[in-house]
Amino acid sequence: MQHKRMTSQNQGRLTIIPSLQLPPPKNHCKQLIHTASISKELTNPTLSLPLMKKIRNFCIIAHIDHGKSTLADRLLEHTKTISEREMMAQVLDDMDLEREKGITIKSHAIQMNYVHNGEQYTFNLIDTPGHVDFSYEVSRALAACEGALLLVDATQGIQAQTISNLYLAIENDLEIIPVINKIDMDGAMIAEVKDQVMDLIGCKEEEILLASARNGIGIEEILTAIVERIPAPKGNPEAPLQALIFDSMFNSFRGIIAYFRVFNGSIKKGDTIRFISTDAEYEADEVGILKLGLQPANEVKTGDVGYIITGIKNAKEVKVGDTITLSGNPGEPIKGFEEVKPMVFAGIYPVSTDDFAELRECMDKLQLNDASLTYEIETSQALGFGFRCGFLGLLHMEIIQERLEREFNQTVITTVPNVSFHAYTTKGEKLIVNNPAEMPDTTKLDHIDEPYIKAQVISLPEYIGNIMTLCLGKRGILINQSYLTTTRVELIFEMPLTEIVFDFYDKLKSQTRGYASFDYSPIGYREADIVKMDILLNSEKVDALSALIHRSRSQDFGRKLCEKLKELLPRQQFQIAIQAAIGAKIIARETISAFRKDVTAKCYGGDISRKRKLLEKQKEGKKRMRQIGNVEVPQEAFLAVLKLD
Amino acid sequence: MAGIYIHIPFCRKACHYCNFHFSVSQKLLPQMINAIAHEIILRHEYLKEKIETIYFGGGTPSLLQPDDINLLMDKMFSIFDVEPDAEITLEANPDDITAHKLLAWKSAGINRLSIGTQSFLEADLQWMNRAHNAQQAYESLKLAMQNGFTNISTDFIYGTPDLTNEQWLQNLETAQELNIPHLSCYALTVEPNTALKKMIDLQKKKDVDAEKQSIQFELLMQWAANKGYEHYEISNFAKPGFKSRHNSSYWQGKHYLGLGPSAHSFNGNTRQWNISNNALYIESINKNIVPFEKEELSSTQKINEYLMTALRTNEGIVLPHLELLSDKEITAGIIKDAQRFIRQHLLERKNDALILTSKGKLFADGIAAGLFR
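Protein sequences, first through last, are from chains L and F.
Counting from 3, one number per residue, gives the positions in the first sequence under my numbering.
Counting from 5, one number per residue, gives the positions in the second sequence under my numbering.
Incorrect hints may appear among the rest.
In silico BS3-like cross-links for lysine-lysine, where the CA-CA straight-line distance does not exceed 27 Å [claimed, not checked]: (1) L:K625 / F:K306; (2) F:K202 / L:K293; (3) F:K105 / F:K17; (4) L:K543 / L:K562; (5) F:K202 / L:K615; (6) L:K613 / L:K456; (7) F:K105 / L:K613; (8) L:K624 / F:K306; (9) F:K216 / L:K604; (10) L:K615 / F:K306; (11) L:K624 / F:K340.
In case anyone wonders, no lab produced these hints; they're calculated from the structure.
Please put together the full structure from these sequences, using the hints given.
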């Protein structure tokens, strides 16, 4: 199964809470992020390194909300890695954004010690992100493990994301320990979910563990199974160093902290190391293991998981999937390394043109800790100077926008997102078009290719009809339909990626009442009849609202977009004409009538506060508007295209 | 110089559009008078300045017995230093106005009446659920004039769904024929949590028509200019010498003490407002505690309040005053932001002031928000 080449070097996530006496700052962090405090103590020379056969490296594969973070919390508690008093809910999900979205965006790791039959074992739990945008990262995290807990919600059963990650785990020869969670909840379908699991991985019923992470049921059994069922790492301590980078994070004091798993050899403080893909060499200023904070050590040995700090400041230089080796005694690269490749492109502009320089500084800083973000300066007639940014997916785009607003205090306009098209000119040139403005004139165009994906949807049989209608309406071709169990059906489509970019997730959710999960992987480019659709406000073209879409969808799309803009644009003192056009041809039109008054009749007896607050709110709204010609366009209008019915 | 506002939170009937604090049950009225009288004592230190204006508002202060008014007046005069020529206004509903009451008010020291006429049209008054009829609307004004009140303001509401432009002008003409020197004219506003809002939502009443309201506002402005009424605030019109000194003080940032439930006070740095609940207000005052919420104003908020209130007046935003309140840089920023509105002919720069044009008066809120810091 060819998989998306996606990664996110770092979403700026804090690894582990540094010190629970000093909780990380919340929303008011303006610069970069709260970063893990790093122990200033020197390496503890008495720290004993675990024997390889006592190490267990594993991860948890789960769908969003199936209880991964809660289970991680319980494992940390039971192994006394973190005391109950210190336990903050969901230790592994630190960034505010993640808590709100309820997903683990970014992987990281933590080490636990567990005594079984009088023997002490070292567990490295490697956390994995749970969203389709970050599946390359998942694949690298899996590659660092020998085993995986397959966590399934007893009330919901197996979901698409779980299956695709499970396949990845199986490809990586991981030992799978199935765990059914939330068994004590109303609506738990233990027998049915057991059947699903047995069907999927071909295990025996007695191999499936039953748990309730929330209430601490089944946790000891899970810990025992980790010892007994997950193999110890294999590797040659004497061989040249091969350490796989599965994650990295940015610390504003220490630079990039890379997380790795040692496959062969060992890595010591002071070693001169080499990153194989970039061929860059650095000194290992600090190495160590991952406890609740970073714990420096003299050496990280074969089979273990650790971190390295080299003074690198830019996340781009430390690539997930790359191999660390020693300069003096280099080993071979670990297979599976892929470069980051953005899938979705959009413009990001300051709301006020004066703020471009400031936004540029923020983008630079943001990229330092998120190497998967790519950007270059572009100009728009409507919006002035800004950036054309490449993202791993729509979620990634949303995260970047939110981080700019929350952490960097920027108010930005994000333009209509698009995929990367290949335009072939009549002269036989191939152009990569990441922006509607770059699309050559139709007279010079021979043809356009668009990226396709293989989409996997898992749902209940009663929604097959709705899913078909949705996917076929989005130019999908049904490739396969199969029943995973009697109540779980899997549909495979080939679809243009661009159709996923616009409103696909929300529609899928509403068409299946939330009972569908979705995953995809790219399958190359195909020729398509793509046209550029422009939006005009009072006859003035707004380039930031132009979109590249399939001709068959343009009429409907243009009409809906005009309707949506009519809803979103505030009325002004004059009439506003909204038009959608392909070339010179107007395909849709809406009119917003002028508003006639905006004045409070009565400034009531001294209640100045209420009125002032109302107007302050109005002012805040205006800050998010951009003047285009004589029309004020609110920030959200630029993304109207994502919210069409 | 400062003012005092007394809120009398009782009405005979609930006007469908009203969102002020009032009760139609008058059970608590006697206790309320005592409580307000007591609040005067509790808050004797709030204002250090001389009192220039007193305003009985509501609710319906004309419901009060003359004795009640005397009691409150005596209390205020004994506690505060009231100027001999202070403007003392009472809001009165036409249905409360009798010769007897007018004389009593006069002897209590009331020298200005603000009469809730709203319209001279029967259908209009019924639509609003007012307590008075068309005849009372007319007679009450006449009676007030006959009984020696010359400083009279009448409230009008325009832009009700069935009011024609001709009818609207006729209302204004009638007031002018009666020699009413001050008019407060409000476009009907559908406020949340009012009967009117509910009825419109349920489609039992027609919604207001903004287009028609703006035409009636324009007619009003023209008419007032022709008849010699100065349009000195968005909703207020006065013959020379008859501007409301009390209301003007709100717009001029003067300090004021608000007494009674829901009343607002301002001392230059903080705004506070009493609890909007009659029973709780009385209970608390009886325990010698004034129940209020308070807001400390930041320098930006002070600037914004000035912009918002000054813009509504015909003096406009006086730039030297603005600079005193802020600084050179902030003032320059506001002048820069004003350019857009000047280009759109919504705002004018006259000497040292930014003043709304007639067209701009229709968009005062948006312009104020546009100038906010």
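Now for the hints, and whether the structure bears them out:
1. Proximity of K625 of chain L to K306 of chain F is assessed by CA-CA distance (about 20 Å); at most 27 Å being required, the pair is judged to hold.
2. Simply put, K202 of chain F and K293 of chain L have alpha-carbon atoms about 60 Å apart, too far for the 27 Å limit, and the pair is violated.
3. Our distance criterion of 27 Å between C-alpha atoms is met by K105 of chain F and K17 of chain F, whose separation comes to about 20 Å.
4. For the hint pairing K543 of chain L with K562 of chain L, the CA-to-CA distance comes to about 18 Å; that is within 27 Å, so the pair holds.
5. Distance check on the hinted pair: K202 of chain F and K615 of chain L sit about 24 Å apart at the alpha-carbon level, within 27 Å; holds.
6. Only pairs whose Cα atoms come within 27 Å are accepted, and K613 of chain L paired with K456 of chain L is rejected, the gap being roughly 54 Å.
7. A threshold of 27 Å between alpha carbons decides the hint, and for K105 of chain F with K613 of chain L the separation of about 35 Å lies outside it, so the pair is violated.
8. Of the pairs offered as hints, the one joining K624 of chain L and K306 of chain F holds, with about 20 Å between alpha carbons and a cut-off of 27 Å not exceeded.
9. Annotation: proposed proximity of K216 of chain F to K604 of chain L holds, straight-line Cα distance about 18 Å (limit 27 Å).
10. Distance check on the hinted pair: K615 of chain L and K306 of chain F sit about 12 Å apart at the alpha-carbon level, within 27 Å; holds.
11. Distance restraint check for K624 of chain L and K340 of chain F: the Cα-Cα separation of roughly 16 Å lies within the 27 Å cut-off, and the hinted pair is therefore satisfied.
Against the hints set out earlier in the document, violations occur for numbers 2, 6 and 7.
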